[in-house]
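**Student:** Single-letter residue listing:
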Amino acid sequence: MAISRRYFLKNSGLTLFGAAFVPTFLRRAAWALDQPAAGARKKVLVAIFQRGAADGLNIVVPFGEREYYALRPSIAIPEPAKAAGDSPSALDLDGFFGLHPSLASLKPLFDARHLAVVHAAGSPDSTRSHFDAQDYMESATPGVKSTPDGWLNRFLQTAPHTDATPFRAVAFASTTPCTLMGAAPALCTQDLGTFHLGGKANSPGRGVQLLEGAFEEMYASASDRLLCSTAGETFEAISTLQRIQMDAYQPENGAAYPRGPLGRSLQQVAQLIKSDVGLEVAFAEAGGWDHHVNEGGVKGQLAGRLQEFGDALAAFHKDMGDRMADVTVLTMSEFGRTARENGNRGTDHGHAHAMFVLGGAVKGGKVYGDWPGLKDHQLHEGRDLALTTDFRDVFAEVAMRHLAVKDPASIFPGYQVSSARFRGFLG
Amino acid sequence: MKEDWTTPIPANVAAWHFLSRTSFGPQAADVERVRRGGIERYLDEQLHPEKIDDSEVDRKIASLPTLTMGAAELMEDFPPRKQQTNPASRLPMREGNAAATPSEGGASMQAESPMQPAMEDGRPRQIILELAREQFWRAAYGQRQLQEVMVHFWMNHFNIYAAKGVDKWLLTSFEQDAIRPNALGKFDALLAATAQSPAMLFYLDNWLSVSPNLASGGFFARPANRPPAAAERRGLNENYGRELMELHTLGVDGGYTQHDVREVARCFTGWTIDRPRQGGGFIFRPRLHDDGEKVVLGHKIKAGGGVEDGMEVLQLLAAHPSTAHFISLKLCRHFVADDPPAAVVDRATHTFQQTQGDIRAVLKSILTSREFNSQAAFRAKVKSPFEVVASSLRTLDGETDGGAPLMMSIVRMGQPLFLYQAPTGFSDRASSWINSGTLLARMNFALALAANRIRGTRLTFPGSTPADDGQTVLDELARRTLGGSVSPETRAAVLKSLDNLKGVAGGDLRAVPKTTVVAALLLGSPEFQRR
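First to last, the sequence lines map onto chains A and B.
In this text, residue positions in the first sequence follow the working numbering: the first is 190, and each later residue adds one.
In this text, residue positions in the second sequence follow the working numbering: the first is 60, and each later residue adds one.
FYI, nobody ran anything at the bench for these hints, they're computed from the structure.
Hints are supplied without guarantee of correctness; some may be wrong.
To be verified - Cβ-Cβ distance ranges computed for the label pairs, FRET-style:
1. B/Asp460 with A/Ser412: 33 to 39 Å
2. B/Asp460 with A/Arg610: 23 to 29 Å
3. B/Pro69 with A/Ala372: 57 to 63 Å
4. B/Pro124 with A/Gln434: 43 to 49 Å
No experiment lies behind these values; they were computed from the predicted model shown.
Beta carbons: idealized from backbone N, C-alpha and C, even for Gly.
Using the sequences plus the hints, can you model the full thing?
**Tutor:** What follows is the structure, given as structure tokens:
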């Protein structure tokens, strides 16, 4: 690892780039050479994006509201069973809201006050385009398409760490999500287990090492800025991953991650955190929520997605054990779905939805937010769950109270952050 | 550094530059033809693919059975795996809820492991793999290169997610019947072909969209003792109306409102699929159509228009100035630079309007522009993963069956072909292709291809003899892969590693020819990632 950093410094040199352009990784590397490895425990945020507009009303079910059942004759989740052995139904949280029964693995976390819900949260912009709404949420600038970077990238920019590693921000995705786009570097991969050059993970042959050296050399000195700085991140990450042996990981405390990308991503997040390689922001995706047709109720498509979703979160929590004290997991989706089911036993693009917050410092066991109601006149544009919490207030609460951001102004441009609007799930 | 859009590109690389954009990789013979005959002559040939003999690759493709089968035949011969019990099966067949099985609907639509569960199940996967093989072959060996470049451009512009429901049986026809014949034609014809394609009708849910008045009675009121049919409960679906304007024509800032989305959706009610479970084609069902008056973008569409409502909307959108600009901008982004200068976009937009959306004319205006031929445009574009693969095969004489391992390569580099879920298609920008993971995948592809370790694919370019010195090998391969334009740094790194190799005693590379090492390093070099 040190070799690769020194290599860059010696052969490309800071001067080669001139004063105008010094890639972040080089600045960082220059500093890191004389520093011990980043070993101190850091606060970590794990952001999970449910792409496709998740149906908050069937995920955290307002069973106490009669309108809910009137609006969803074929897909509603029945109110909590009176006796054990009854058919599956909502899992009572507080006498009004209940979890979808496929989220049973999250129920103990709620009961133990590690898990909180913010309901009727989302974007004040009323676009029903997935793409716009995802961009708005990831940039945290609803209604502004020209924002060039994502809110988590701006967080990284506002709190620069001179000892940051390539693992400070990691996105588990095929392409860098908008949330992490911007000036601060972020590592993006679908699976860290395959992050190496050549076929073998931990024992690259001499030949591969040689070629790796050649690639490092030509990229380090390339005038192509994008490729040069990205390659710097790549090679440094390869060295670290070799050291911590990604593929030898055993989850602790009997945690069993579900198969599928979200489980794999969260397991690797857990490993990175425990390896103390400097992770501060992790981003994972869980897709497949766009159920216009045959969404299902207690069983069906949504139930299937929720099973994996809940099990992955619960396994992560279990695996992390005490280290959960430093971690907050935050889930989000671009918008919710129509309060009424449509003619295809599905739901269409809606407005507000429900967010989960999980972590050691979370004041869980509570559904936060004001409930707007589901009567006709209470619905947004007569069709969707209305919004009572701006998602930026949720993000900002996490940024300030978990990530210790002092001045959030630059993270949320054009928005007056006020702790008076925080829901208080973090204190 | 300020970009210089006025200084012309040096003459010795001009032909290479031109071919790197209008084909999937410049080959020596084409470079020579362009040098001798000039860019315009070559371009005119390429703009009329019907006059170019492409029988060799056509013969190859004729060996792929699914490419000659219609959707109905495909569904019969490549049935889905036995379906689980699901609510969809209870819905009446004639309403065609073919999509709504658990294995095909939304639940499995998330982008997962490379080929995704939805595509791993059952034989339909073969259809998509054969479509990919056709595209690899046409890109690598076809003579109609510009047409093929445009097929990829439009397939991405009118993106369809193959794993959604019946779309895996419909995508072949979409490519062959809607996109390819119109790729260099008139934009309005292309737009209409996509609008009436079962693949698009299904992907953006228009086949389900029915008049919101259907359930409310009136002339078609059902007897009170009969439950409402599925179509009556369905209502209006706005998906196609929205994406048609946002992504296919006007662009998101093209000047439409949510009200327009709804009105457009009303115009397209009744545009559906005839027997979707059996691979039927487009059909207009008057009973499902909202026949009232509509106003789209301030333009009145008279009541009682029937199927003509949709056609009128398509004409209106195709002729709209926002469409001319949006399509021209996307073309310039593809052919010139991620952020093309306004002048070339404006000229292309003007041409689009003057010629009523003649794609040939717009392309010509872009490809013969000063900006396209400027210093700033040289290697301004990062290749897509498909382009990386195709240009490797073209420049180093690759032989490929175009099979699953090659498909996996581009998936790892961040381009799951036919499996981009959102209707936006892949972003055509460097920053979305390049991140630490995909850049690593590009280098790994280079190593694997050069070492002939990708099953079904091998490079056959002339090898070297041990007598050839590194310099000679490097010069020859740099000429093939990079048009000879290679940076001193890359040269130095290649020569140095050849030197170091000599010192590897008994190592895993001792017996590897110089050409393999040099090819691997050049294919993985920063220069090769761009076109």
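**Student:** Now look at each hint and say whether the structure bears it out.
**Tutor:** Verification of the supplied hints:
no.	hint	in the structure
1	B/Asp460 with A/Ser412: 33 to 39 Å	holds (38 Å)
2	B/Asp460 with A/Arg610: 23 to 29 Å	violated (60 Å)
3	B/Pro69 with A/Ala372: 57 to 63 Å	violated (33 Å)
4	B/Pro124 with A/Gln434: 43 to 49 Å	holds (46 Å)
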